[in-house]
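Sequence lines, in order, name chains Z and P. In terms of the numbering used here, the first sequence is residues 1 to 146. In terms of the numbering used here, the second sequence is residues 1 to 441.
If you're looking for bench data, these hints aren't it; they were derived computationally from the structure. Backbone N, C-alpha and C define an ideal beta-carbon position, used for all residues, glycine too. Just to be clear, a hint being listed does not mean it is correct.
Below, simulated DSSO-like cross-link-like pairs (lysine-lysine); rule was C-alpha separation at most 27 Å, straight line [to be verified]:
1) P:183 to P:210
2) P:422 to P:435
3) P:183 to P:345
4) Z:71 to P:372
5) Z:71 to P:375
6) P:346 to P:178
7) P:150 to Z:71
8) P:102 to P:183
9) P:333 to P:346
10) P:52 to P:203
11) P:52 to Z:117
12) P:368 to Z:71
13) P:14 to P:52
14) P:102 to P:73
15) Z:116 to Z:130
16) Z:117 to P:150
17) P:203 to P:346
18) P:133 to Z:116
19) P:14 to P:203
20) P:133 to P:345
21) Z:59 to Z:130
22) P:150 to P:133
23) P:376 to Z:71
24) Z:116 to Z:59
Some chain P residues flagged as far from chain Z (calculated, every beta-carbon gap over 12 Å) [as the list claims (entries may be wrong)]:
25) 11
26) 17
27) 88
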Amino acid sequence: METLFSQQFLVEGGDFRNAGNASTQIKTILKQIGIPGEVIRRVAIAAYEAEMNMVMYAKRGVMTLRIEPMKVEISVEDEGPGIEDIELAMQEGYSTASPEIREMGFGAGMGLPNIKKNSDEFSIASTVGKGTQLSIRIRNRVVQSE
Amino acid sequence: MKTYSSSVYVNVEKCNGRMMCMRICPTEAIRVRNGKAELIVEQCIDCGECIKVCPNRAIIPATDSFSDLSHFKHTVAIPSPVLYGQFGRDVTPEMIQGALLKLGFNEVADITGACEAVSLAIREHLENYTLRKPLISSFCPTIVRLIQVKYPDLAELVVPFESPKEIVAREVKAQRSKELGFKEDEIGAIYLTPCPSKMIDIKLHPRKEKSFIDGAISIAEIYSSVVALMAEMRNVTPPEVSMNNVSGIGLEWTMLGGQTASLQMENSLAVDGLKNVIRAFEDIENGRLRDIDYIECHSCPEGCIGGSLTVENPYVSRSNLIGLMKRYGDEPKRSREEIQGLYNKKFFFTERRLPVTPRQRLDENITKAIEKMRKKDAIYRNLPQINCGCCGAPNCGAFAEDVVQGVAQITDCIFIYQERLKATGQEMLRLLNKKPGYIKD
Chain Z
1 METLFSQQFL
11 VEGGDFRNAG
21 NASTQIKTIL
31 KQIGIPGEVI
41 RRVAIAAYEA
51 EMNMVMYAKR
61 GVMTLRIEPM
71 KVEISVEDEG
81 PGIEDIELAM
91 QEGYSTASPE
101 IREMGFGAGM
111 GLPNIKKNSD
121 EFSIASTVGK
131 GTQLSIRIRN
141 RVVQSE
Chain P
1 MKTYSSSVYV
11 NVEKCNGRMM
21 CMRICPTEAI
31 RVRNGKAELI
41 VEQCIDCGEC
51 IKVCPNRAII
61 PATDSFSDLS
71 HFKHTVAIPS
81 PVLYGQFGRD
91 VTPEMIQGAL
101 LKLGFNEVAD
111 ITGACEAVSL
121 AIREHLENYT
131 LRKPLISSFC
141 PTIVRLIQVK
151 YPDLAELVVP
161 FESPKEIVAR
171 EVKAQRSKEL
181 GFKEDEIGAI
191 YLTPCPSKMI
201 DIKLHPRKEK
211 SFIDGAISIA
221 EIYSSVVALM
231 AEMRNVTPPE
241 VSMNNVSGIG
251 LEWTMLGGQT
261 ASLQMENSLA
271 VDGLKNVIRA
281 FEDIENGRLR
291 DIDYIECHSC
301 PEGCIGGSLT
311 VENPYVSRSN
321 LIGLMKRYGD
331 EPKRSREEIQ
341 GLYNKKFFFT
351 ERRLPVTPRQ
361 RLDENITKAI
371 EKMRKKDAIY
381 RNLPQINCGC
391 CGAPNCGAFA
401 EDVVQGVAQI
411 TDCIFIYQER
421 LKATGQEMLR
431 LLNKKPGYIK
441 D
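In isolation and in its complexed conformation, chain Z is listed as follows (with noise of 0.2 Å):
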């Protein structure tokens, strides 16, 4: 499909104070085009989640907003330890996230279902000891009826 527009934004493992600006820029982008609202509200949820996921787990990431005619994708590719089993990771309450991250109120084991929760298709692979990619699409029904 082609490509209306897209755009990279980079993440930064353990880097809280900044957590949270990939997605408010994705955010952004989304209602200057247009995008109807509960499009924009899946596409934030799932946008952040992974971002925190980055910024919780990896070195660094790379995340890319594309938008075509019929959907809305994230993908996402990080450096960082990977996930050894992605079965395992994607129940809902499974995490590894240390105590310090617990008590910050994150790593409660919900951002890959939710991620999955928010996506029209959602794909996921994972390579131990050298990093995660993630694929969200999430359909655009606006775009979709012009």
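Put chain P on the given structure of chain Z with help from the hints.
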């Protein structure tokens, strides 16, 4: 559809284009053109930050003045509880109300009782509410405007309640027209306001056809008259005032945390200052704060006591009000059953839902919006990105958008202007040095 107008305007003669308003505006609603500030009314959320920073006092709040009220047969002053904290710990609401009567109002209606009732009704509402959370307080008109303009998706979370001042104006008008035989429009309900945004709430109420309040006078404007009149009346027993049942709980309403304190709910937040409110709204959009039931939001630091039309330092006001709260106690004026009864009768609800007027879209048409987004991006990348403001826009991003929307020219940027000039100069030099064909070498 109502056309929107703003609670502030620029006095062009006083403005000398120092751009402080432009830099502080949280919604980038100010541009400086030909050396004068201009307001983009649709984008303004009436926060009053520009009033506070203008060194020339060129930004004027559009409040009424006392003389505008002569055409009413009966006038009712409705002071914001902020007024009670402006004069010192030993000054009671009764003394202030007495001074307002002397000032010429026929009646003073206290709203602390209504503030208390609305707080308790919010608690009822939260117990009945099962949909998306957190609910957001709706009593700061600037916050409501912010949601309408920048966070339309959060509009459904705004508590569907009238503000206490509206409820009091509605009730007092109904009562007085019955008792005194005036028509409701012959009774003037005048709010004594701590900020200009309440003015817009009155003139263009977003959630109903017409406000029950007829005008607003700034607390700063009547401050000195009230002080003088209270001094005169020092040894006189205050005259009787109506609805003077001051509520200790209600006195807290205008301060940060005042609404959530009376909710007695652990899962609530109180947020002050626009930057912090914006951060909380971003968090809600990101799916955080789902476990929170209610967020009380104030545009001004410390709440309404930090409003731009107040006189006293907000921290002193807070201390004064806390002193008064002790005096009036924390016993509710109305029983829970009474509040439930009123709640079930829809006593607190607004006439209609909050409409949204999103201002962020670059174009109505998505394809064109994307095209503009691309252009804006390309322009932005060529700008110096130092946000100098010389072009008259608050930052390079806003300027790039202005260029794409056709309201600014790329050469308004002094850096681009200089580059173009340099290129033109070099081209001129090249042409000057080029010998015409008829001249032999």
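Verification of the hints:
1. About 16 Å separates the Cα atoms of residue 183 (chain P) and residue 210 (chain P), which keeps this hinted pair within 27 Å; it holds.
2. At roughly 22 Å between alpha-carbon atoms, residue 422 (chain P) and residue 435 (chain P) fall within 27 Å of each other, so this suggested pair holds.
3. With a CA separation close to 25 Å, the supplied pair residue 183 (chain P) and residue 345 (chain P) stays within the 27 Å bound.
4. About 19 Å separates the Cα atoms of residue 71 (chain Z) and residue 372 (chain P), which keeps this hinted pair within 27 Å; it holds.
5. Of the pairs offered as hints, the one joining residue 71 (chain Z) and residue 375 (chain P) holds, with about 21 Å between alpha carbons and a cut-off of 27 Å not exceeded.
6. Taken as a hint, the residue 346 (chain P) and residue 178 (chain P) pair is honoured in the structure, with Cα atoms around 22 Å apart against an allowance of 27 Å.
7. The suggested pairing of residue 150 (chain P) with residue 71 (chain Z) holds, with an alpha-carbon distance near 23 Å, which does not exceed 27 Å.
8. Taking the CA atoms of residue 102 (chain P) and residue 183 (chain P), the gap is near 24 Å; set against the 27 Å cutoff, the hint holds.
9. Distance restraint check for residue 333 (chain P) and residue 346 (chain P): the Cα-Cα separation of roughly 19 Å lies within the 27 Å cut-off, and the hinted pair is therefore satisfied.
10. In summary, the hint linking residue 52 (chain P) to residue 203 (chain P) is supported, as the alpha carbons are separated by about 22 Å, within the 27 Å threshold.
11. A threshold of 27 Å between alpha carbons decides the hint, and for residue 52 (chain P) with residue 117 (chain Z) the separation of about 46 Å lies outside it, so the pair is violated.
12. Taking the CA atoms of residue 368 (chain P) and residue 71 (chain Z), the gap is about 17 Å. The hint holds against a cut of 27 Å.
13. Distance restraint check for residue 14 (chain P) and residue 52 (chain P): the Cα-Cα separation of roughly 15 Å lies within the 27 Å cut-off, and the hinted pair is therefore satisfied.
14. At roughly 17 Å between alpha-carbon atoms, residue 102 (chain P) and residue 73 (chain P) fall within 27 Å of each other, so this suggested pair holds.
15. Between residue 116 (chain Z) and residue 130 (chain Z) the CA atoms are separated by roughly 22 Å; this keeps the pair inside 27 Å, and the hint holds.
16. Distance hint between residue 117 (chain Z) and residue 150 (chain P) is fulfilled; the C-alpha atoms sit about 26 Å from each other, no more than 27 Å.
17. Restraint check for residue 203 (chain P) and residue 346 (chain P): the C-alpha separation of about 24 Å stays at or below 27 Å, so the hint holds.
18. Annotation: proposed proximity of residue 133 (chain P) to residue 116 (chain Z) holds, straight-line Cα distance about 21 Å (limit 27 Å).
19. With a CA separation close to 26 Å, the supplied pair residue 14 (chain P) and residue 203 (chain P) stays within the 27 Å bound.
20. Proximity of residue 133 (chain P) to residue 345 (chain P) is assessed by CA-CA distance (about 24 Å); at most 27 Å being required, the pair is judged to hold.
21. Annotation: proposed proximity of residue 59 (chain Z) to residue 130 (chain Z) holds, straight-line Cα distance about 10 Å (limit 27 Å).
22. With a CA separation close to 18 Å, the supplied pair residue 150 (chain P) and residue 133 (chain P) stays within the 27 Å bound.
23. At roughly 22 Å between alpha-carbon atoms, residue 376 (chain P) and residue 71 (chain Z) fall within 27 Å of each other, so this suggested pair holds.
24. Proximity of residue 116 (chain Z) to residue 59 (chain Z) is assessed by CA-CA distance (about 23 Å); at most 27 Å being required, the pair is judged to hold.
25. At roughly 33 Å from the closest C-beta of chain Z, the C-beta of residue 11 (chain P) stays outside 12 Å, upholding its exclusion from the interface.
26. At the 12 Å boundary, the C-beta of residue 17 (chain P) stays outside the reach of chain Z, the nearest C-beta of that chain being 28 Å off.
27. At the 12 Å boundary, the C-beta of residue 88 (chain P) stays outside the reach of chain Z, the nearest C-beta of that chain being 42 Å off.
In the structure shown, a violation is registered for the earlier hint numbered 11 alone.
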